[in-house]
Amino acid sequence: MASRKVTMRIQRFDPAVDKQPHDQDFEIELPAGITILKALNKVRAEKDPTLALRYSCGSAICGSCAMKVNGHARLACKTQVSDCTIDGVMSVAPIGNLKILRDLVVDMDPFLDSLNKAKPYLEAGNGSVPEHERTQRPEEFLQIDPSTTCILCAACYSDCNVLAVDENFFGPATLAKAHRFIFDSRDVDTPNRMRAVSAKTGVWDCTHCGECSTRCPTETKPLERIEEIRVKAMADGFHGNAGARHALGFRETVGKRGILDENYLPARSMGFLNLPGLLSLVPIGLRMMLRGKNPPLIPHKIDKLDEVKKTFARFEELRK
Amino acid sequence: MKYALYTGCVAKGAGRENLVATYLACEKLGIELVEMTDAACCGAGVINEDNPMVADIMNARTFSLAEAQGLDIMNICTTCQGVHRKAQRKLDGKPEHMARVNDELERDTGRRYKGEVKVKHFYEVLLNDYGLARLKEKVVKPLTGLKLGAFYGCYATRPPEVNDLANPDDPDELEKLIEVLGATPVRYDERLKCCGFPIAMVNKKNSMQLGGNAIVSAKEAGADAMVTPCPLCHLNLDAYQPDIESRVGRKLNMPILHIPQLVAMALGVSKDAVRLQTHIVRPTGLLAS
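Line by line, the protein sequences give chains A and B.
For the first sequence, our numbering gives the first residue as 1, with consecutive numbering after it.
For the second sequence, our numbering gives the first residue as 321, with consecutive numbering after it.
Hints are not guaranteed to be accurate.
As the list claims (entries may be wrong) - Restricting the straight-line Cα-Cα distance to at most 20 Å, the calculated cross-link-like pairs of lysine to aspartate or glutamate (EDC-like) are:
#: 1; chain 1: A; residue 1: LYS256; chain 2: B; residue 2: ASP358
#: 2; chain 1: A; residue 1: LYS304; chain 2: B; residue 2: ASP563
#: 3; chain 1: A; residue 1: LYS68; chain 2: B; residue 2: ASP489
#: 4; chain 1: B; residue 1: LYS414; chain 2: A; residue 2: ASP87
#: 5; chain 1: B; residue 1: LYS406; chain 2: B; residue 2: GLU352
#: 6; chain 1: B; residue 1: LYS414; chain 2: B; residue 2: GLU424
#: 7; chain 1: B; residue 1: LYS467; chain 2: B; residue 2: ASP544
#: 8; chain 1: B; residue 1: LYS414; chain 2: A; residue 2: GLU139
#: 9; chain 1: A; residue 1: LYS310; chain 2: B; residue 2: GLU426
#: 10; chain 1: A; residue 1: LYS304; chain 2: B; residue 2: GLU426
#: 11; chain 1: A; residue 1: LYS309; chain 2: A; residue 2: GLU228
#: 12; chain 1: A; residue 1: LYS320; chain 2: B; residue 2: GLU424
#: 13; chain 1: B; residue 1: LYS458; chain 2: B; residue 2: ASP358
#: 14; chain 1: B; residue 1: LYS496; chain 2: A; residue 2: ASP87
#: 15; chain 1: B; residue 1: LYS539; chain 2: B; residue 2: ASP563
#: 16; chain 1: B; residue 1: LYS406; chain 2: A; residue 2: GLU252
#: 17; chain 1: B; residue 1: LYS434; chain 2: B; residue 2: GLU416
#: 18; chain 1: A; residue 1: LYS42; chain 2: A; residue 2: ASP18
#: 19; chain 1: B; residue 1: LYS438; chain 2: B; residue 2: ASP392
#: 20; chain 1: A; residue 1: LYS68; chain 2: A; residue 2: ASP107
Hint data in this document are derived by calculation from the structure and do not stem from the laboratory.
Being a predicted model, the structure only gives us computed values, none of them experimental.
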């Protein structure tokens, strides 16, 4: 297959001379079927040997070469140039939410440090060295199979919408790591782990934006793992936070009316005894009321409500 | 053309103007709507995190109701749309799970989901079923001179497997729609980001900062107003805009329109009829009557 000329628009930054990162275009002849990692190394070999990037295995296993391609985090070694070239141009930049050290290389320490919040090691209890290995049945392993596939590439960390505004958020990789031990049949520290992820900056601070799972190059899919932790939090009674109360509010109002009661839900989420929280809802409530935008005071109900009530009631019984 | 209209909860509550505008726009276009008054909340991804089985049963029930009418579903909320599509993918892709969900559904309602119904958002109906060329012929009051920033909302683009956008990482479908209506689309950095609504009750500071980043980005790119297919994005960006302004420390005054309002106005419906006056940030002076 024929080669073709591509403009690689690469973000450059040299802390010794640059105040801000800037783009540099490299026009380069690339053969068909080349990956972005190989193309970048071709740029280094033929155009500019000072271009800095991080990579190792070239096989989507080590997780070193995550970078933003056309604005979204991807593994350079797993991505074809031909899939990302728009009108002969593709842009490459370092992953987001981390400090740039040089060109495409970022400081990974905040990402790696954040993993410690998940206590990323097995708590098997007893403290003693066992006489034989701790075994797991295949069906037990299947529960943690996806979250064990994380290669720590930080693509999810890069594109996480919440981390962009709050560096204290656990972040998708850390929550996926928490999942890996919460659902490990050999771990004995589940209640403490659940308490930790249920606290502020934990699992309920995620917005469901879906960036993490969309960018994840493995089967880890952090959003799905976050959802599984939330299901467990609801089932195990970790309800002392606004996120869990919000989910309880959904259960209560949809089970009663088939549709959300938007007057009840915010108060339920805040907590009926949380006076400052309830007062914080007053300005927006008044604002909406003055414009006639407030939800009807007598909330709506769906037709054939009995059908829905029956299902919710049956599963409520099962829960007990 | 005829669809089963799934209103979602917000169109019956804090975003009734979205429903009003949908009916007005569809009347002008000759699209017949049968409102699904018996459909339950999609769960917004929240019931799914409390009890995934209940969420699947509720959504399978909704699909079965539309199938019984022989109609495809039209959504006017991208969150409902995304949740429906995710539920469909899970059910259709796992026959054993679908059989179990259907058994549970039948036990309570006598209904079963067959896997036949298609779920589409209003803007997808316009783009793919009605056609932009046909829509253009119906525009009697083009929104000339209006610079609009499309705010897609998370569920419109992610996960990419459950939407019909040609390029979910860099879509242009809403921009094309804006152009057909006579307005000028404005692209801006944050147009595919999260508005922050899902954590408004959990972490208001972060929620307002996310909303603020979106509005500031659109404003700095020159948008006169933003338009969104998601009423939850509308609520966070409009109803909370005074809080967002406090968070980002600047006056924004950015009107946030629903897609059906925009379409209806271009088809000749007055701005009062689509209830622009109910918005917290009124688009006063933006659209001359």
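Okay, the hints, checked on the actual structure:
1. A:LYS256 - B:ASP358: OK: LYS256 of chain A and ASP358 of chain B at ~14 Å, within 20 Å.
2. A:LYS304 - B:ASP563: 39 Å, violated
3. A:LYS68 - B:ASP489: Roughly 12 Å between the alpha carbons, so the hint for LYS68 of chain A and ASP489 of chain B holds.
4. B:LYS414 - A:ASP87: 39 Å, violated
5. B:LYS406 - B:GLU352: 26 Å, violated
6. B:LYS414 - B:GLU424: Holds - the C-alpha atoms of GLU424 of chain B and LYS414 of chain B are around 16 Å apart, at most 20 Å.
7. B:LYS467 - B:ASP544: Judged against 20 Å, a Cα distance of about 5 Å means the pair holds.
8. B:LYS414 - A:GLU139: 18 Å, holds
9. A:LYS310 - B:GLU426: Within the cut-off at roughly 11 Å; holds.
10. A:LYS304 - B:GLU426: This hinted pair holds, its Cα atoms lying about 14 Å apart.
11. A:LYS309 - A:GLU228: Status violated; Cα separation ~25 Å.
12. A:LYS320 - B:GLU424: 18 Å, holds
13. B:LYS458 - B:ASP358: Not OK: LYS458 of chain B and ASP358 of chain B at ~32 Å, beyond 20 Å, violated.
14. B:LYS496 - A:ASP87: 19 Å, holds
15. B:LYS539 - B:ASP563: With a Cα-Cα distance of about 17 Å, the restraint between LYS539 of chain B and ASP563 of chain B holds, given a limit of 20 Å.
16. B:LYS406 - A:GLU252: 23 Å, violated
17. B:LYS434 - B:GLU416: 13 Å, holds
18. A:LYS42 - A:ASP18: 24 Å, violated
19. B:LYS438 - B:ASP392: Holds - the C-alpha atoms of ASP392 of chain B and LYS438 of chain B are around 5 Å apart, at most 20 Å.
20. A:LYS68 - A:ASP107: Status holds; Cα separation ~15 Å.
Against the hints set out earlier in the document, violations occur for numbers 2, 4, 5, 11, 13, 16, 18.
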